[in-house]
Amino acid sequence: MQAMNTSWFNLKQSVTEVTSLLCITLIISAFLGLVTFIGLQGIRYFIPSNVHLVTITYPDRDEQRYFQQETTDKETLLADINVRLVQQYSDNPAGKPTAQVTTIENVIEATTDRGERLYGTFDRLTSDTEEKLPIESLDNLLLTVNLLQSQLHDVQENQLMPIHRAIAILNERKVDRDVELYRSLKADFARWQAYVTEVNRRLSTFALVMVGADSQPIRIALDELDKLHFPNDLTFIDKIAVFFERISNFLLEPPKQAATSGGVFPAIFGTVLMVILMAVVVSPIGVIAAIYLYEYAPENKTTMLIRIGVSNMAAVPSVVYGVFGLGFFVYTLGGSIDQLIYAEKLPSPTFGAPGLLWASLTMGLLTLPVVIVATEEGLSRVPKGQRQGSYALGATKLETIFRVVLPMASPGILTGLILAVARAAGEVAPLILVGAVKFAPSLPVDTTFPFLHLERQFMHLGVFIYDGAFHSQIDANSASIMFASCMLLIFIVFALNITAIVFRSKLRERYERSLL
Amino acid sequence: MLKLFEREVIAVDELSLSQTGIDVRDLSVELNDKRVLNEINIRIPKHKITALIGQSGCGKTTLLSSFNRMNELNRRHKTTGEVWINERNIYNKRENLAALRSRVGMVFQRPNPFPMSIYENVCFGLKIKGETSRRVLDDAVENALEQAALWSEVRDRLFDSALTLSGGQQQRLMIARALALSPQILLLDEPTSALDPLTTLHIEELINQLKKNCTIVIVTHNMQQAARVSDYAAFLHQGELIEFADSDSLFTLPAKQQTEDYITGRYG
Chain A
327 MQAMNTSWFN
337 LKQSVTEVTS
347 LLCITLIISA
357 FLGLVTFIGL
367 QGIRYFIPSN
377 VHLVTITYPD
387 RDEQRYFQQE
397 TTDKETLLAD
407 INVRLVQQYS
417 DNPAGKPTAQ
427 VTTIENVIEA
437 TTDRGERLYG
447 TFDRLTSDTE
457 EKLPIESLDN
467 LLLTVNLLQS
477 QLHDVQENQL
487 MPIHRAIAIL
497 NERKVDRDVE
507 LYRSLKADFA
517 RWQAYVTEVN
527 RRLSTFALVM
537 VGADSQPIRI
547 ALDELDKLHF
557 PNDLTFIDKI
567 AVFFERISNF
577 LLEPPKQAAT
587 SGGVFPAIFG
597 TVLMVILMAV
607 VVSPIGVIAA
617 IYLYEYAPEN
627 KTTMLIRIGV
637 SNMAAVPSVV
647 YGVFGLGFFV
657 YTLGGSIDQL
667 IYAEKLPSPT
677 FGAPGLLWAS
687 LTMGLLTLPV
697 VIVATEEGLS
707 RVPKGQRQGS
717 YALGATKLET
727 IFRVVLPMAS
737 PGILTGLILA
747 VARAAGEVAP
757 LILVGAVKFA
767 PSLPVDTTFP
777 FLHLERQFMH
787 LGVFIYDGAF
797 HSQIDANSAS
807 IMFASCMLLI
817 FIVFALNITA
827 IVFRSKLRER
837 YERSLL
Chain B
7 MLKLFEREVI
17 AVDELSLSQT
27 GIDVRDLSVE
37 LNDKRVLNEI
47 NIRIPKHKIT
57 ALIGQSGCGK
67 TTLLSSFNRM
77 NELNRRHKTT
87 GEVWINERNI
97 YNKRENLAAL
107 RSRVGMVFQR
117 PNPFPMSIYE
127 NVCFGLKIKG
137 ETSRRVLDDA
147 VENALEQAAL
157 WSEVRDRLFD
167 SALTLSGGQQ
177 QRLMIARALA
187 LSPQILLLDE
197 PTSALDPLTT
207 LHIEELINQL
217 KKNCTIVIVT
227 HNMQQAARVS
237 DYAAFLHQGE
247 LIEFADSDSL
257 FTLPAKQQTE
267 DYITGRYG
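Line by line, the protein sequences give chains A and B.
The numbering of the first sequence is this note's numbering, which starts it at 327 and goes up by one.
The numbering of the second sequence is this note's numbering, which starts it at 7 and goes up by one.
Incorrect hints may appear among the rest.
Stated by the list, open to error - Straight-line C-alpha distance at most 27 Å; calculated DSSO-like pairs for lysine-lysine: (1) A:Lys710 <-> B:Lys84; (2) A:Lys582 <-> A:Lys764; (3) A:Lys710 <-> B:Lys135.
Unchecked claim - Going by beta-carbon spacing under 10 Å, a handful of chain A positions derived as facing chain B: (4) Leu478; (5) Asp480; (6) Pro624; (7) Gly711; (8) Arg713; (9) Gln714; (10) Ser716; (11) Arg729; (12) Pro767.
The hints are simulated quantities; they were obtained by calculation from the structure and are not laboratory data.
Think of the CB as a built atom: it goes at the ideal place given N, C-alpha and C, for glycine as much as any other residue.
Model the full assembly from the supplied sequences, consistent with the hints where possible.
The structure is reproduced here in structure tokens:
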């Protein structure tokens, strides 16, 4: 009997152990799977890949040729294309074209300033004097182009602009058009204008001509050329260089070509700025509210209702906050501000439209319960003895709170704040309603007064990804920039959480040893 | 019983007002709707050590805390009666609690140093009072630590965290912290219950020296300790003051049967 009991107990214990182990394995593999998948997909955006020439020969019409850039080798690419073709022609197997993938050397991948990527083989370079130059003279030509561009810029800034201003002033004073001064200004203006036109004409003669996959020439003006690679001829070190160059471009450049190339700098900037503003708003309010609830509020029904309200606020779907922010902050509050202060600009709204300020306030409201609950938790961890000690030394309640309780509760407060920040960094739905856009023409911070433009719309990583996810159904390139942004977002959130954990353990070491 | 310290003893009934440190009149305290102290009348002699003894839950700590109104930290509390310190009833409505508590220091059962440096711990009370002069603070810290017999041990590490001190050192730091405010009255709530016998002895000696400058009230569960250190002793039972006398009489010839039962260990 005794032995049976023991074995039964052992069995139960091992079943529990195995089950919990299974659960943990499941959780860890789900987590690792997510991170790996996003990471692999995202990193593809940075890895320089080969360009293959795909030829599809149709039985009944001309063959189709195009360049395709893929990280996979050409066999896999061919297999992929064949699978697609088989599906496409499943009702007409006879008409199915045959595909062929070749990798040719000397393919040029040229990126323009607008973010366009063009592929082709080198044909020639042209300049103002020569019609056919070899690829080696590219550096020389680029130097000349840069020189011309700076000349042009110089003329525009230092010659045309002053004349233009002078003419404008004369116009304003209604000076007669036949005055000597006016005429000489006009003449100057025309002369410089002619010079600019001439330089522009010269600039446009500098070009790179490539032969596309379909044997048509592709002409790229050199002043529009951003980067030029030979993707199929890169050495390993070149590839690493390109990889890091792309990462830095991704982090530091604005998106181009409707977010299919370029970088996400404005989105990172907008996210960080919004989150900082939110933290500035939410931390004092949340901490003070928690102090009231924990230290001052009498234990009665009102307090209980407030507590229930706070925890329910945390459960409200975020899109509801978005709608609230739009209705209350943007239309009501912003509209009133416009009528009171910016009345002369109406009907075009200043604060009465979605913008950075309203987004920060909305997110602050959304994350307020997190901060309150975490702060209360932190306050409740402060031992009674600490408060007693402080009171016994003649400290008032306020002094006790500020000198003893709050420092000891700081790990809890910090945890709440970081959780709030991580949440706001990843939120999408409410932000779309109150100010985040898929493309903002300017950053919310610039050099004109008042430097921080709270009424401007801004870009946000989460919204950028959401937008990219729609594009990705039609465009592989935008899918990979989306994955890269996802990777970045995960990275930011992880980094924040790890900072919080490190910070918290440091503070705990300092303040909570007396708990033990 | 071995007599460790010399005492000059006045019988409790003969205490004049000027010899009284704390005069408690008809004090009743309710905490969380439960009556903890019932009509206590006691005159605690000035510049003497008075021990409060009794079972757990008999109201010793509550009585002690009512001398600096610490009971009011409890959300539901009700106090009636009067406690006179310095010819003033501290339960008047306009009493300045912060000032009261800086005159009536308190040390708790478990050392509760703030997570700051030793120096900051000692001058916490003074800084709260608004003292900012570095020299005054330095002097006060040194003085208080000297009085608490801790100076020689910590003089080289004043700016280390107070949490690095041992339990006995921490408790002496707590005494120093209270002494830095030069209190008239020092309330000790089982100050040695968490310490080893040698450290306990150390603190007892310290307490004996401190009575020159302050009135000391000590709550203890340890009969030997009470007999060793106190000049007077009060026995409480279920919120009532059963007996109050000088320690020699109370521990050798208790007037009440209950007191005798308790100190000889028949219950409690």
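key: Contradicted hints - numbers only   = 4, 5 and 12
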